[in-house]
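Engineer: Using the sequences plus the hints, can you model the full thing?
Here is what each chain is made of, one letter per residue.
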Amino acid sequence: MNRDARLAQYRQIPPEILQRMPNADLNYIKAEVEKDGERHLSNLRVAKFKASQKQRWSSEVEQFLKFVVIAGGALTFSLAPYLLATKLGRSPIALTLGFVGGAIASHAAHTNAARALVGIKLKQSTEQARKAILLNQQEDV
Amino acid sequence: MTINLKEEYYAAQMKKLNDHEQDHLAEPSKSALLWAVSLSVVEGGAAFALLLEAGLLIAVIGALLPVCLLWALANMHADHAELPEKLDDLMEQYNDSIQS
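Protein sequence lines, in the order shown, are assigned to chains G and P.
Going by the numbering used here, the residue at position 95 of the first sequence is 95; the numbering climbs one at a time, nothing skipped.
Going by the numbering used here, the residue at position 31 of the second sequence is 31; the numbering climbs one at a time, nothing skipped.
No wet-lab data here; the hints were simulated from the structure.
Nothing false has been slipped in among the hints.
Some chain G residues well away from chain P (every beta-carbon gap over 12 Å; in silico):
#1 A24
#2 L88
#3 I93
#4 A94
Distance windows between CB atoms, simulated:
#5 M21(G) to E92(P): 32 to 38 Å
#6 A26(P) to P92(G): 44 to 50 Å
#7 N27(G) to L25(P): 28 to 34 Å
#8 I3(P) to K54(G): 42 to 48 Å
#9 K6(P) to Q53(G): 28 to 34 Å
#10 E7(P) to E127(G): 18 to 24 Å
#11 L65(P) to F64(G): 17 to 23 Å
#12 L69(P) to Y10(G): 53 to 59 Å
#13 D88(P) to P22(G): 42 to 48 Å
#14 N27(G) to A26(P): 32 to 38 Å
#15 G55(P) to Q124(G): 35 to 41 Å
#16 S38(P) to Q128(G): 25 to 31 Å
Ideal Cβ positions, reconstructed from N, Cα and C, are used throughout, including at glycine.
Structural biologist: Take a look at the structure:
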């Protein structure tokens, strides 16, 4: 009998029999069952992560993307300062400041949005795993 | 004292999950989300205000375009740069108990 099948059978031992077992054996079985549970979950999680993991970008691509975000965002984010600057008479200093501020704002928006999205994805994945464990438990126990 | 090995089995799984992933339940970071959303509103609002003379439809499209682009790029960055790193860390942690 292979290891997995044996460990699955351990879990089926009824409590009455467990109570009559010597403590040393009981502790051994308990430890084995716990280790098996951890192993099972770890296998599931690693498989899940491997399936959902996407190709990692090279640093060149990342640099390029950063440039696009900052340059493009500098334009669109400077619209708000631009509106103010036109109200105050188009001083070139105000427009330059708007452009620099736009670049910074764009970078901040991008990093914060990415961080929030990573957080949302990780949370979803963890909650899914939690629910799966609870569901298996309900069906099994 | 009654022992239920099935309960132990699932309790061990839940404990393992909490050991490595409990932090994720506090995500997403409120401040990051607030910054990202409010900056999106500023970006879209300014474009909307500038384009309002050209008509409502154009203004709405012009306001949504940069915001959508920002979030699409952020999503790609999350998928291809930040998540792989985090998942690698997690897989390393979980691999320890696969081998034992």
